[in-house]
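Here is how the chains run, residue by residue.
Number of protein chains: 4
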Amino acid sequence: MERILEIKGHIIRDDILKKIDTSVEQYHGKYKVLELIVGDRVDDESTAKISIDVPEGKDEWIYNELLNLGCTIPKMNEEATIKYSDKNKTVPDDFYSTTNHPTFIYSQGKWIRVQHQRMDACIIKRGEEFHCVKLRDIKKGDAIVCGHAGIRIEAPQTPESNDFAFMVNDVSSERRVQIGVQRLAEEMKEIKAKKGKIVVVAGPVVIHTGGIDSLCNMIRGGFVHCLLSGNALAVHDTERSLYGTSLGIDLETGTAIQGGHKNHMRAINTINRSGSIRQAVEDGTLTSGIMYECVKNDVSFVLAGSIRDDGPLPDTIMDLIVAQEKYAEAVADADLVIMLSTMLHAIGTGNMLPSWVKTVCVDINPAVVAKLVDRGSAQTQGLVTDVGLFLSMLDQKLQ
Amino acid sequence: MERILEIKGHIIRDDILKKIDTSVEQYHGKYKVLELIVGDRVDDESTAKISIDVPEGKDEWIYNELLNLGCTIPKMNEEATIKYSDKNKTVPDDFYSTTNHPTFIYSQGKWIRVQHQRMDACIIKRGEEFHCVKLRDIKKGDAIVCGHAGIRIEAPQTPESNDFAFMVNDVSSERRVQIGVQRLAEEMKEIKAKKGKIVVVAGPVVIHTGGIDSLCNMIRGGFVHCLLSGNALAVHDTERSLYGTSLGIDLETGTAIQGGHKNHMRAINTINRSGSIRQAVEDGTLTSGIMYECVKNDVSFVLAGSIRDDGPLPDTIMDLIVAQEKYAEAVADADLVIMLSTMLHAIGTGNMLPSWVKTVCVDINPAVVAKLVDRGSAQTQGLVTDVGLFLSMLDQKLQ
Amino acid sequence: MERILEIKGHIIRDDILKKIDTSVEQYHGKYKVLELIVGDRVDDESTAKISIDVPEGKDEWIYNELLNLGCTIPKMNEEATIKYSDKNKTVPDDFYSTTNHPTFIYSQGKWIRVQHQRMDACIIKRGEEFHCVKLRDIKKGDAIVCGHAGIRIEAPQTPESNDFAFMVNDVSSERRVQIGVQRLAEEMKEIKAKKGKIVVVAGPVVIHTGGIDSLCNMIRGGFVHCLLSGNALAVHDTERSLYGTSLGIDLETGTAIQGGHKNHMRAINTINRSGSIRQAVEDGTLTSGIMYECVKNDVSFVLAGSIRDDGPLPDTIMDLIVAQEKYAEAVADADLVIMLSTMLHAIGTGNMLPSWVKTVCVDINPAVVAKLVDRGSAQTQGLVTDVGLFLSMLDQKLQ
Amino acid sequence: MERILEIKGHIIRDDILKKIDTSVEQYHGKYKVLELIVGDRVDDESTAKISIDVPEGKDEWIYNELLNLGCTIPKMNEEATIKYSDKNKTVPDDFYSTTNHPTFIYSQGKWIRVQHQRMDACIIKRGEEFHCVKLRDIKKGDAIVCGHAGIRIEAPQTPESNDFAFMVNDVSSERRVQIGVQRLAEEMKEIKAKKGKIVVVAGPVVIHTGGIDSLCNMIRGGFVHCLLSGNALAVHDTERSLYGTSLGIDLETGTAIQGGHKNHMRAINTINRSGSIRQAVEDGTLTSGIMYECVKNDVSFVLAGSIRDDGPLPDTIMDLIVAQEKYAEAVADADLVIMLSTMLHAIGTGNMLPSWVKTVCVDINPAVVAKLVDRGSAQTQGLVTDVGLFLSMLDQKLQ
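Chains as they are written, first to last, in full-length UniProt numbering: chain F, 1 to 399; chain V, 1 to 399; chain D, 1 to 399; chain Y, 1 to 399.
No lab work stands behind these hints, which were simulated from the structure alone. Take these hints with a grain of salt, some might be off.
A pair holds if it fits inside one copy or across any two, identical chains being indistinguishable in the list.
[Claimed, not checked] Straight line, CA to CA, 20 angstroms or less: simulated SDA-like cross-link-like pairs of lysine to any residue:
1. K139 <-> R273
2. K296 <-> V38
3. K49 <-> G39
4. K397 <-> Q178
5. K140 <-> P314
6. K32 <-> H10
7. K18 <-> T47
8. K194 <-> L36
9. K19 <-> V38
10. K32 <-> D15
11. K32 <-> E65
12. K371 <-> M343
13. K8 <-> Y27
14. K32 <-> T47
15. K49 <-> R152
16. K89 <-> G275
17. K87 <-> S276
18. K87 <-> D283
19. K397 <-> T253
20. K139 <-> R118
21. K326 <-> D298
22. K87 <-> G284
23. K87 <-> E282
24. K49 <-> V38
25. K30 <-> R41
26. K89 <-> L242
27. K8 <-> E35
Here chain F stands alone, though its shape is the one from the complex (with noise of 0.2 angstroms):
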């Protein structure tokens, strides 16, 4: 059937034409560019008309990837369909996937943000409000947002328009790192002066490559504001500090210390001893390193469990579904998000970011910050680069 449609949006920047044409030929459809009336510049909106003859059903499609795209369909300024859910956990087969971008309901008269964006979420209507709730929250009678009317999308910025991006197009060791750290250590400092929320996401490997004390001297700095993380790197930072070792490696030394291998399971006894990490500053027993600098200067931290934890520490939250939650609440109100060599927190991290929190992914393996963004979470700015001569050197731009 053939239906003229009328679009308003970042249509050349966006490239929403190209994108019509793929989503059309998938349905071996046609269409047909009727009228482009284009903005003075790229950046400029711009508005169209377009001529589709798509099979039954499948219109429904390409409306919603428009929509996601930040067009509006002027016809489609219509209430937006509510549906019920009829069993927990379920939801009408033609509900509205959330991405991560700033989304508006039209109902009543009048486009409504959404609340709680984050992407891959359903939309329920509660009151006059639209949250967005994870599938495994929907209960049974809850008002689903179904189908394509009524939705509206800002357009994310690219990040070539963005002052912050400074690696645009592509993941690549051979790019020149001292820049990215640069900027980055302006964003933190413009920041810490507006008192905004810096959240990092922080793996083991952090401690193994000796980053430590530039993290340390950060957190002391009032750079981080809040640590998300898992068992391992509260355990090696605790080993560490105790032992002088993590995984049995002597940190001065770099050498494997025989019998070490059993240091992280002894820094676990020793703070299960004292009965969390708090407790063992508080009773003296630990008294230096990441998870002390954070007790001491009131940084929050979450540990999210995961299937290959050793003990875990007392602090470790192994109920994924309470750490996920602690997780998403973290990153809530974030002004900035540091993800430091860990891919499963940083997927996480990144599934929970709506798209306007600034992000940026440090990780020696080029396939890391590939699969974040592969993953929706376009915003990310990657850094392939060795993640403790990056602390050591993001720490010098910082003081």
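Chains V, D and Y: place on chain F using the hints.
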């Protein structure tokens, strides 16, 4: 203090003298080989008499190391030291931390084999028996094996003298994978013939690289007896079965489907409606794929949750304490564990495996195999290759 | 200075407006889209009128860029500017540096296609003809095309609209390789049927990973018409044929042969004694392997030397000027180039290839494919996989 | 045939018994350790008497292996066997193929040290002297050392007993790089103090990652005495100096310059006009950068050509026989070789290095270091890190 140590074991084969040398150097001690009587061949046991002079308290480390290498120290054929835990989840500081090798405790005049062998555990005495118990499961009052007296370990076979070995010394992508596939297929046929147990640990890359059909064939063929994985494999397998895509990529053409990103959420919604994977198979919702074949062929599966899970599916265990226990049960009596493209679950499983369970780790990233071996699962045979093509070739060889 | 630019080309498909935007921004200029008349579909040509105001001298860069994108600038349908070299190996500063796309020069009232198209070359006029010539081959007095007037480029097909494309947008190991193998096999059969030319560029990893038999089958089957490689492939192929090893590793068992490291020197010594690879085949010294099959099946080969070569074999060309020329001849009329696990020779060959030659690059390291695409060989289809298994599967599909 | 072998050497330290075991197994022979008299410590020499029974002709392999491990076999303290080449570039089949360790030949009653030690060479007798000569330089009639009699090798120091060692056993990105940088800086200061020679082998990634300024500082500071590289480093260094870009990427902002891809060809054109890099410095064309500092500080450089070179620059040696010889001269008397992000030139240089020259290889890709070690340059210390940040930190430590 100088002591004369008499040791008996695979002194040549397992580099015992070199390891003593390193240990003693580390503690700035002295040693002298007084006598060395070698067997006829490298694989025979030898005996040595060595004078060692290390600072007070450090000799314990060296004895521990020697024990873990499978040496017996004649003077130490004395009763093992037992101390008691004075608080849940804690043990005395000199607790013996286990390896994944067969371990024996000298108690009331005889050597008793430790049960539930795994690495990084404590040994507790229960009646006449000795068990590996994880630190977190220690209760106040438990009888803990401490120190180094009365402990003996059976040295593991070195890969060189192992028929099954197909990748000696190194982890490299520049090796002929066909040899490894051939030997693995033979091993699997033998295990099947004698009604043994093969456990497959798999990540979602198995789906993305087109391994579904091969793995389904292997399940139907009776070559898989348990599947350990996470939420993502089951989600993308279900997504493929219901919509033909995995993370929105059409698996027949390799191209991205517009709007296809939503498919994994639709898949979760659909399984939620049925109630579980098994119920989805039984009510006719799920009619193909890896999870379907597991249900139809009575292959048990355990899906362990993680911080990055969407959904999760009703079958995914988000309490990691429970998930670790179910994993551990699954591998307890395994004859062969095959790890396919999943660092997280492979290391998790590796931590639980006794050293006598044959283990194969397949990944396109050499760092994953190297890491698994580093962490103590030295029995692991690594294959650095494309997991999709690997499964296709393994399936051919099994037919 | 403000100028009105009228352009015609694939303005939508090739993101011309966005590229103008970026260019103008870079020179702190201004622009305004005065008019844009789009074709019916994305693949149709569009015309635009744009006002551009950039600092003196910078507009040339933008014109060049537009030319390279396949736009024509109507006012510029004027004679190309010719200047003369005043020294061997040098050209005027404003020389036109070529892309690898079909290029036409406006001369004496008509558009003439440039011959010997390759990237990073100069264009010289010889009589009525225009040729790509490498900087090093420029002679004093040569007539060089300069500036941007009278130059037109045919925009390359984007991979999306290319039947042969099997890997769109990204380079990842998490893709289904079988699809790519299937399409490549079909392409090869078609080329063979119409007596086209397939060039294989291969590194020694083909030997180490067990690809010899498959590649030999392909040569005997008539699917390889030229082999480009270096010294190492031929050395290790010969080593395998004579002693069963490659770099001392037994290819049947995968284990290192004691003293086997010497085998590659013995192989070179043996070929030296015969005088060349061809003579070694003819005198019965060499009786199997890739080089043997090349000689027996009249497949030409070029072995280019490198700084790391042992020997080299008498057939290895150590004068790289000569080697580059022989490579360039070999690919000049190729229909398909398959690059197997060799960054060095793949980039060397990529530099010489016009953009209309289909190119496939197979490597287990995603960085190699990414680098090839980065350097301008954007027509390259990448497959991130194990080259030994890849060849085995390709050989199966070709039979 | 059974023979009694008496060997003397670092039998324990260098795993001689295990290596004999492997060798004998391979030839389906038998052996028995009749006697083993160990030194007091692992580093002391031991003596052994071993009965070996292997098939005729295979014992030579084992003797060769033992020789290469630094053992002396008393009965073999006889004159070395000399045979004569009967054709240029060929030697008798049983020629002795060298290692990179110090080698001695027994001739006329005394041990004479071989000159120009390098791996994979032949040894020829010239008057009273013995020289390593590459196969390609053998002339008809040359006197070649063959067999295994009268050859002795000084076992290399194992890394464990080496002060300079900072990365034992493995190649991993999960290590603390600062320790390695610190030790390297100390080593460089010592070498400079005693007027030794430091050779830097560098790839173009040094430029792309922003290492120019640090390396320039090191050259001016007297820490670099020779630079070995290829065409690309010099091209991109010149490009940066003349236009601020490297492969078209602005090194100050990290963004791609439109049309910037042409810059490397313009750089070559400019140097061609001057005639050479040195002349470009002298005529004031080139006023900064690595090549500029080399010229100004009398640091010699060798640029070896490759199949992928554009241009090349007039200074690039495209005859690889000449380039290999100039490289070999440059490293002959080196005290330290630092390899920076270039697999090609690093392996090329590694092949030429005697085992007593300290070598450091820095690369973000662990496979590069692993490959270098695999190929026999086992003295190589590897650092898996970002080369730009590495140089920045090394420069700081040197000041």
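> Looking at the structure, which of the earlier hints fail to hold?
Replying inline: Numbers 2, 8 and 13, in rising order.
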